[in-house]
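Student: Fit chains B and C to the supplied structure of chain A, relying on the hints for placement.
Chains as they are written, first to last, in the working numbering: chain A, 117 to 404; chain B, 69 to 375; chain C, 100 to 422.
Keep in mind that a hint or two might mislead.
As the list claims (entries may be wrong) - Distance condition first, Cα-Cα at most 30 Å in a straight line; then the derived DSBU-like pairs of lysine-lysine:
| no. | chain 1 | residue 1 | chain 2 | residue 2 |
| --- | --- | --- | --- | --- |
| 1 | B | Lys289 | C | Lys220 |
| 2 | B | Lys289 | C | Lys229 |
| 3 | C | Lys132 | C | Lys224 |
| 4 | C | Lys394 | B | Lys293 |
| 5 | C | Lys113 | C | Lys394 |
| 6 | C | Lys220 | B | Lys293 |
| 7 | C | Lys113 | C | Lys132 |
| 8 | C | Lys132 | B | Lys289 |
| 9 | C | Lys132 | B | Lys293 |
Hints are computed from structural coordinates only; laboratory data are not their basis. Given the structure is predicted, the values throughout are model-derived calculations rather than measurements.
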Amino acid sequence: MVDITPRSLSTFQLQLRRFAQNRLAMISVALLALIAASCFFGPFAFPFTGEDADFDFIGAPIDLASPHPFGTDDFGRDLLLRVLEGGRISLAIGFLGAITAGFIGVLYGAVAGYAGGRTDRLMMRMVEILYGFPYVILVILLSLLFGGGNVALFAAIVFTLWLTPAVIVRAQAQSLSKREFVEAARAGGMTPWQIVLEHIVPNCASVVIVYGSLLVPEVILSESFLSFLGIGIKEPQASWGNLIQTGTAAMDTDLRLLLLPGILLALVLFCLNFIADGLRDAFDPNDR
Amino acid sequence: MLRFVGRRLWEGTLTLAALVTLTFFVMRLAPGGPFSKNRKISPEVLEHIKAAFHLDEPVWQQFARYVWGLLHFDFGPSTRFRDYSVGDLIASGLPYSLTIGFWAIVVAAMVGVALGIAGALRRNTPTDYVAGILGVVGIAVPIFVIGPLFQVVFALKLNWLPVGGSDQGWRSLVMPVLVLSLPNIAYISRLTRGSMIETMRENYVRTARAKGIGARRTLMKHTLKGALLPVIAYLGPSTAGIITGSILIETVFAVPGIGRHFVDAALNRDYPLVMGITLLYGALLIVFNILTDLVRGWLDPRARGNG
Amino acid sequence: MTDSLLSVRDLQVKFRLPAGAMTAVDGVSFDVKPGEVLGIVGESGSGKSQILFSLMGLLASNGTARGTASFQGQDLLALGPMALDSIRGVTLSMIFQDPMTSLNPYMRIGDQLAEGLRVHKGLSKAEAWKAAVAMLDRVRIPDAARRARHYPHEFSGGMRQRVMIAMALLVRPALLLADEPTTALDVTIQAQVLDLMAELGREIGTAIILVTHDLGVVARLCDRVIVLYGGRVMEEGEAEVLFASPAHPYSQGLLAATPRLEDALTKRLGTIPGTPRSGGAMLPGCPFAPRCTLKIPICDATRPPLIAIAPERLVSCHLTGAT
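Looking at chain A on its own, in the form it has when it is part of the complex (with noise of 0.2 Å):
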């Protein structure tokens, strides 16, 4: 007899599966995998950086002839490279910043989850007396206490994102820590910290997937949001947030210098919400 049963698939294969199926979400993988390349390799092609004054061209109009396609700032630095190194930025800090407050959320609510009891109260109290701050103040703050810059702005944003995954793994926690499998593994004498690691964790992974890809369009307009306010990444540097400040403050004569990051960031934000959305149809069980 021949077996005709088809190859069977693990359920995170149908789901990927599922995804790929998703032809919004797939044409935002493609655009902002396109918008992260030029991003990170982009500034490369250009004969100068974006702190580099070219004063034969200040405040130059887009001339794709020119050596500035995009035009100049008030500086005379190329609008083009300056967004783009931007964007390296935003993006590098937004996935980072998801990827590390994602990981310590993990960790804490499983950790809470699985304890249960006492340790999990008392973990949990702490997150929610953190939920009850104002989470902008807070970055504000964190982000003056480590003195602004780079790694204080992605600090301070990290600090405050990964309550939500915790809340989020600590619940699927507790309910898996109750399941036969991880019996089974206490049983078999395996040490807490083990089970957390190779039982819970994994068996997390298609709701951290889903709430973590939420994490990344928060990251970036939270450091974009800073930046736009001065207290993040600040001048000469380059960021989105702070290009569109610059932008506001000329959008009456040239607006050239708000829409070109603007549209960027708003695409990238768009990309991520639609995959964001794409992950939760196909990870997520109870379709809406």
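Tutor: Positioned in the frame of chain A, the structure of chains B and C alone reads:
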């Protein structure tokens, strides 16, 4: 009921205490002081000023002094605006911030709920798609991009509304309120739509339809209540978003509210003012969360018992 | 049978699914006389609940019903939503399977009961409330006047189903559709709730269609029975006759699979081999053929017609036709 409110207030007080402590020490530990930017002051004068603000005392003593003041509703003097106390500054800025925030929530709730219901009732029709697109735009385009664009279009090009400021009555309010409500319209409409679709599948809604009471009454008396509960639950935490937004809005539209004060104060190390506004924001957030829970309990009989 | 209260002819219920069309009910016809209790029996997936939903206009949005269902002179399947609402909850009521989720959790029980009276009969708030309390009392909710002010979560499952019965019968309908009303309940109170429903139905003169997979329930309460398999009628007859001498192999299998007290110690419980088909294309032959132990070649090829073997007694099987 009273016990519930009491417990929540107590928890809120704890949170505020933690907030005060954290903010206080973060501000002191941060590099730079309130007068470090001011290079013209001679060392002796600086000593004098520091003494006047008790900045020469040990940190723990300053903290004790501050907390003691708080217990008497004294937020201390502003180190930047010498002639004003923090209380004065907050009192002058708060009305602007509250007006904008209040109307933004009202607009967001009304428009968001209406769009969400329309989308759910007419699923996969142009109405649904338009609401969906608006939802995505509201979430993806930051208000510090939309705000300036609105200014360019409605103020600079069309000349319908003032670019900013606060001196033209309701005309000054239109753009800040609209822009601030946009992200919340987006969230609320998505939330409402999802929750409506879920509720319409509930068995009790089917029971209502089986009673033959008509589509309209089924919607108004049965579906809506269940569908709007998560939306109401969201309104409490959304205050935080409104606060965030109002900081940006006040910067973009040059509104002299407390959000703008806060950013200035943070940049200038005006400790007492930062502390005062942080405390105010924290308290607002706590009060709104308690209010939300109360409204939910009032609407959902199942939530009442476990207070 | 011109004296029928409800007369269903060639009812077809189809669902559009991603995989294609699925036929849940395939050409079912039956009659309900005033005041009688008709049982519709079948395994899960036999389409029995969908018959009731199609009559109430409550099919899921991807479902369509064809055929006719004339109820007091009107075709339920052809009515628009407005016209249907002058029948639903007035002369035609329904009780659902899951009492835990079928009552509105945000509305007081009394208000939910009174709602129908206020909308359909134009009663005042106070009158409707009084009637609701009286009805709750009749379904033996203790302390009904106080309980009417409570919310569904404050009632047990059995009580909630009694509330559902009260709500359905409060408007004194001519026909009550009951979709497995006790499946979700504790075994010990199932009989109680069913007896209450039948008793009140008799008092008011309401006919009942009782959909269930529980043959014991049918035997006790129903006047007539329809046995459904794969969306088609296998056999129909008076309850006593059908249980005494089931004619269709499926009915025989079903009865053999029902525990009887007197056989408990001596006999092994019978089973029907295989599992019910769900979805997919309709078979050209008898839907039960793949599981039938008495199958002959023709069963796979042609559909057996539903023929009368005695007055009020219909069977759809090639074997009965031959013998």
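Student: When you check the alpha-carbon spacing of Lys113 (chain C) and Lys394 (chain C), does it fall within 30 Å?
Tutor: holds (28 Å)
Student: Run the distance test for Lys289 (chain B) versus Lys220 (chain C): straight-line Cα separation, threshold 30 Å.
Tutor: holds (18 Å)
Student: Measure nothing beyond the straight line between the CA atoms of Lys394 (chain C) and Lys293 (chain B); if it is 30 Å or shorter, mark the hint as holding.
Tutor: Violated, at roughly 55 Å.
Student: Given the hint that Lys289 (chain B) pairs with Lys229 (chain C), test it: the Cα-Cα distance must not exceed 30 Å.
Tutor: holds (21 Å)
Student: Between Lys113 (chain C) and Lys132 (chain C), is the straight-line Cα distance small enough, at 30 Å or below?
Tutor: At roughly 27 Å apart (the allowed maximum being 30 Å), Lys132 (chain C) and Lys113 (chain C) satisfy the hint.
Student: Is it true that the CA of Lys132 (chain C) sits at most 30 Å from the CA of Lys289 (chain B)?
Tutor: violated (35 Å)
Student: Holds or violated: Lys220 (chain C) and Lys293 (chain B), Cα atoms, limit 30 Å.
Tutor: The hint holds at about 25 Å.
Student: Can the restraint linking Lys132 (chain C) and Lys293 (chain B) be considered satisfied, given a maximum Cα separation of 30 Å?
Tutor: Cα-Cα ~40 Å, so violated.
Student: Can you confirm whether the C-alpha distance between Lys132 (chain C) and Lys224 (chain C) stays at or below 30 Å?
Tutor: Answer violated: Lys132 (chain C) to Lys224 (chain C) is near 34 Å, above 30 Å.
The earlier numbered hints that this structure contradicts are 3, 4, 8 and 9.
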